[in-house]
Amino acid sequence: MEVSEEEILHIANLARLKLKKEEIPEYIKNLQDILNFANVVNEAPIEGLNTAIGAIDNYNIFRKDEVKIFEDNKALLENAPEQEDNMFKIPKVI
Amino acid sequence: MDITELTVHELQEKLEKKEISITEIVKAYVNRIIEKEPDVKAFVTTLTETALEQATEIEKKVNNGEITSKYAGIPIGIKDNMCTKGIKTTCSSKMLENFIAPYDATVIEKINNENMINLGKLNMDEFAMGASTEYSAFKKTANPWDLNKVPGGSSGGSAAAVAAGLVPWALGSDTGGSIRQPASFCGVVGLKPTYGLVSRYGLVAFASSLDQIGPITKDVRDSAMLLNIIAGHDEKDTTSINVEKKDYTKALKNDVKGLKIGIPKEYFGEGINLEVKQALEQAIEEYKKMGAIVEECSVPIAEYALATYYIIACAEASSNLGRFDGIRYGYRTPNYENLKDIFVNSRTEGFGAEVKRRIILGTYVLSSGYYDAYYKKAQQVRTLVKKEFDKAFEKYDILITPTSPTVAFNIGQRSNNPLEMYLADICTVSVNIAGLPGISIPCGVDSQGMPIGMQIIGKHFDEETILNAAYTYEQKIKFRDKYKPEFKN
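Taken in order, these protein sequences are the chains called D and S.
For the first sequence, the residue numbers in the working numbering are 1 to 94.
For the second sequence, the residue numbers in the working numbering are 1001 to 1489.
No lab work stands behind these hints: they were computed from the structure.
Cβ coordinates follow ideal geometry from the N, Cα and C atoms, glycine included.
A hint or two may mislead.
[Stated by the list, open to error] Partial list, derived from the structure: chain S residues whose beta carbon lies under 7 angstroms from chain D:
1) 1195
2) 1209
3) 1338
4) 1339
5) 1360
6) 1382
With these hints in hand, go ahead and build the complete structure from the sequences.
Take a look at the structure:
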């Protein structure tokens, strides 16, 4: 499995990560190593088997759609790097 | 008598007979932390001061009958990825270095309902990604048996703290072996419950379809007791299962006569250290002597399960860790001009290298063009793994394997080779893939005196059988009477 520099930069961008120029070869090598190993899944006898959704395949777990108020707004907002007037603050987008 | 050497059930007996008091217990632990924590470095946050205040208060309430829980005043340590209201929950990451959860995880609520005392938050690999606790952004925890060696991971702080007597027991979390492997490296007992038995609400998510919280304890009885406290359905976690509440201590019968044990040969082959293998073979002989019916069998999925594990776990991690954007909580970069800069720079500066490696792998296997080749195949292999275990459990009550192919390795030995670190998870990950319960208990030491762990795997929601099998063996070999961590330097 060959991963190109262009490809790893594309993936990093999708993941909203920035790789430094000097880090790129190592990230490529690590990704290639694990992908080469992971290719063993292609040898597994999986023909006709369903794709699992989890450890225990439970679908559609319902509960009553009730509003529960979280009282401690202040504690929530205190974790925000920047806040103003009870709101999260971000740079201007438009 | 050294209080910090006692198990929780021993502490309870002494409390009941009024031989010791809650304050004496907590003081003993606080002193032990002052003495040994500089060597072991198990904690991210210690709560020794508040613990002493709580002890006085709880003791008063127990004495005047206001509190009746038999766990009142028993100290505990918590892995630092479980949300604790008002106390930092860092996941050993720069990203969450200053995060204070505004609510308690369900397991923490349950611990608090019993009036137990939290001694602190325990170190781990960043976001639980790792097998040595070396990937913590803050410190490297040492193995109490030999301070030059890793405690395992990712719940390395929890296992080291229990082994060193810094806490009587602890909670860990296990996504691919993160309770069992450090328990094995530190000579203590680590239980990963069936997926869905314990609520994950308030556990910082790594791979949601694999993560499970469980006890790390000095012995099997304590493990059953802590499981009693934390197990149970929770509406706040849709993957938690509504099963009948049990008293797991009732399963400890000290008898395995007629128990059918399968020994999957795939977990005893190449790559398993010879001394580990020999210790396991001896343990298996003990089971035969105790009247169990032991047979070699085949569960031919070990390698597939490992590959599948890294595909699924990283895919889920890349999605789960998408929430760290520098807006609502967590680290925000000082270097930005626009919103995208905040996302990219906060994540790039806030996450460590291993976390980024896994996010990149996860993003890759989910990306257009590779989804079918990796992620979809992995989910089919997941079905295969479950089927193979189902088949084995038609014939056997439990399966026994090593917990890890080796004993604890030296600090620094593997941290520069991610693939080598991943391959060592071969014995534990398939249990998470299939959602089964697994327990690791010590079964001897190697020629260097380092503990060796044995893994017992059971059927879904059959924690009772693996706990009894572990307990019966433990009563026979009495590991804790023979071996103790020496803090070798």
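Against the structure, the hints:
{"no.": "1", "hint": "1195", "verdict": "4 angstroms, holds"}
{"no.": "2", "hint": "1209", "verdict": "4 angstroms, holds"}
{"no.": "3", "hint": "1338", "verdict": "6 angstroms, holds"}
{"no.": "4", "hint": "1339", "verdict": "5 angstroms, holds"}
{"no.": "5", "hint": "1360", "verdict": "6 angstroms, holds"}
{"no.": "6", "hint": "1382", "verdict": "4 angstroms, holds"}
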